[in-house]
Amino acid sequence: MAVAHTTSGGLDIRKTAMWSFLASELMFFGALISTFLLYRGRTNGGPDAEELFDIPFTSVSSFVLLMSSLTMVLAHNAWERNDQRQLRLWLLSTAGLGLVFLGGQFYEFSTFVHEGLKLDTSPFGSSFYMLTGFHGAHVAVGVLMLSAMSILSFRVGLTKSRGMNVELVALYWHFVDIVWIVIFTVVYLLQV
Amino acid sequence: MATESTAVETTEEEHADHLSPANYWMIALFLAIVTAVEVAITYIPGYDGALLVTSLIVLGIVKFLTVVAFFMHLKYEPFTMNFMFYFGLLGALALFIAVLLSFRALFDTF
Numbered sequence: 001m002a003v004a005h006t007t008s009g010g011l012d013i014r015k016t017a018m019w020s021f022l023a024s025e026l027m028f029f030g031a032l033i034s035t036f037l038l039y040r041g042r043t044n045g046g047p048d049a050e051e052l053f054d055i056p057f058t059s060v061s062s063f064v065l066l067m068s069s070l071t072m073v074l075a076h077n078a079w080e081r082n083d084q085r086q087l088r089l090w091l092l093s094t095a096g097l098g099l100v101f102l103g104g105q106f107y108e109f110s111t112f113v114h115e116g117l118k119l120d121t122s123p124f125g126s127s128f129y130m131l132t133g134f135h136g137a138h139v140a141v142g143v144l145m146l147s148a149m150s151i152l153s154f155r156v157g158l159t160k161s162r163g164m165n166v167e168l169v170a171l172y173w174h175f176v177d178i179v180w181i182v183i184f185t186v187v188y189l190l191q192v
Numbered sequence: 001m002a003t004e005s006t007a008v009e010t011t012e013e014e015h016a017d018h019l020s021p022a023n024y025w026m027i028a029l030f031l032a033i034v035t036a037v038e039v040a041i042t043y044i045p046g047y048d049g050a051l052l053v054t055s056l057i058v059l060g061i062v063k064f065l066t067v068v069a070f071f072m073h074l075k076y077e078p079f080t081m082n083f084m085f086y087f088g089l090l091g092a093l094a095l096f097i098a099v100l101l102s103f104r105a106l107f108d109t110f
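Protein chains in written order, with the working numbering: chain A, 1 to 192; chain B, 1 to 110.
Watch out, some of these pointers could steer you wrong.
What the hints assert, rightly or not - Derived, one-sided and incomplete: chain A residues facing chain B with beta-carbon distance under 7 Å:
(1) Ser8
(2) Leu11
(3) Ile13
(4) Trp19
(5) Ala23
(6) Ala31
(7) Glu50
(8) Leu52
(9) Ser59
(10) Val60
(11) Val64
(12) Leu70
(13) Asn82
(14) Gln84
(15) His138
(16) Gln191
Everything labelled a hint here was simulated from the structure, so no lab data went into it. No residue lacks a Cβ here, since even glycine has one placed at the ideal position from N, Cα and C.
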């Protein structure tokens, strides 16, 4: 027996809340992307996108994040089948790929700062770091949640009867990926 | 006896996956190929301007919708959840257009 978490319309209230949250996050990132596009040309004499962006490097980062969505959906699939061994494997893989992405972002930021683009160098720099930094923060939160899920899976096991945490974390993680799909296209590929 | 937090059996089939791991690998391969095409076309000489911008936006939309539909399983969710998500997406697009129009930057953006 499981405690019902349903709305009067029969929808799962946890998933409904998560989808509402993700919809609000879309608008949040929409605002940040709009701001970046407004200020992308205002470099105050500092380096611009064309001078800084290393598309091959960012493409690899994008590929890593895309593949983390695959490992996440495989973890979710294992959870559906109650296959704890596969679940742990794919959860840890997803967290690992998330860390690789964050490492790449740290390297990219370090390189940009070294080349003269700091948070206060120009409106371009501020809006770029705010957008990609907030995305990175979301990835970091996702890695923490995945790590917590992994620990729980080792300690008590993650089954459907223990709630739908894996499903909610999976939704959040895929969301982080789709935001990056937009950022990669609009902020990187369209600017060089 | 019904209580405030009514106990019911979770409908297992409600959350059942509709695709197999092999399907997910194929979708990931498709997404990787689309990403490779995105990057490749930015290096093609003469492939620029409106053609490049349109191609990149279309490819980005394809990737976005593929992840949402199949990895996030939104395709299999009830209408209400689809509505909430796409309403948020439309809100984001409206915000985007409104901000850029306000600063008369919409047509300079791309």
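Hint check:
The interface hint given for serine 8/A is broken, as the beta carbon of that residue sits about 12 Å from the closest beta carbon of chain B, more than 7 Å. The restraint placing leucine 11/A at the interface with chain B holds, with a minimum CB-CB distance near 6 Å, inside the 7 Å limit. This hint is violated: isoleucine 13/A has a C-beta 11 Å from the nearest C-beta of chain B, more than the 7 Å allowed. Interface hint status for tryptophan 19/A: upheld, as the beta-carbon distance to the closest one in chain B is roughly 5 Å, under 7 Å.
A distance limit of 7 Å between C-beta atoms decides the matter here; for alanine 23/A the minimum to chain B is near 2 Å, and the interface restraint holds. Here the hint on alanine 31/A is kept, as its CB sits about 6 Å from the closest CB of chain B, short of 7 Å. Interface hint status for glutamate 50/A: violated, as the beta-carbon distance to the closest one in chain B is roughly 12 Å, over 7 Å. Annotation: leucine 52/A was flagged as interfacial toward chain B, and the flag is violated, the nearest CB pair being 15 Å apart, outside 7 Å.
Residue-level restraint check for serine 59/A holds (minimum Cβ-Cβ distance to chain B is 5 Å; threshold 7 Å). Of the supplied interface hints, the one on valine 60/A is violated, with its beta-carbon coming no nearer than about 10 Å to a beta-carbon of chain B, more than 7 Å. With 7 Å as the threshold, the beta carbon of valine 64/A stays out of range of chain B, its nearest partner Cβ sitting at about 11 Å, so the hint is violated. The beta carbon of leucine 70/A is positioned within 7 Å of a beta carbon in chain B (closest approach about 4 Å), and the interface hint is therefore held.
The beta carbon of asparagine 82/A is not positioned within 7 Å of any beta carbon in chain B (closest approach about 11 Å), and the interface hint is therefore violated. For glutamine 84/A, the suggested interface contact is broken, since its CB lies about 16 Å from the closest CB of chain B, more than 7 Å. The restraint placing histidine 138/A at the interface with chain B is violated, with a minimum CB-CB distance near 15 Å, outside the 7 Å limit. Annotation: glutamine 191/A was flagged as interfacial toward chain B, and the flag is violated, the nearest CB pair being 10 Å apart, outside 7 Å.
Hint violations for this structure: numbers 1, 3, 7, 8, 10, 11, 13, 14, 15 and 16, all remaining hints satisfied.
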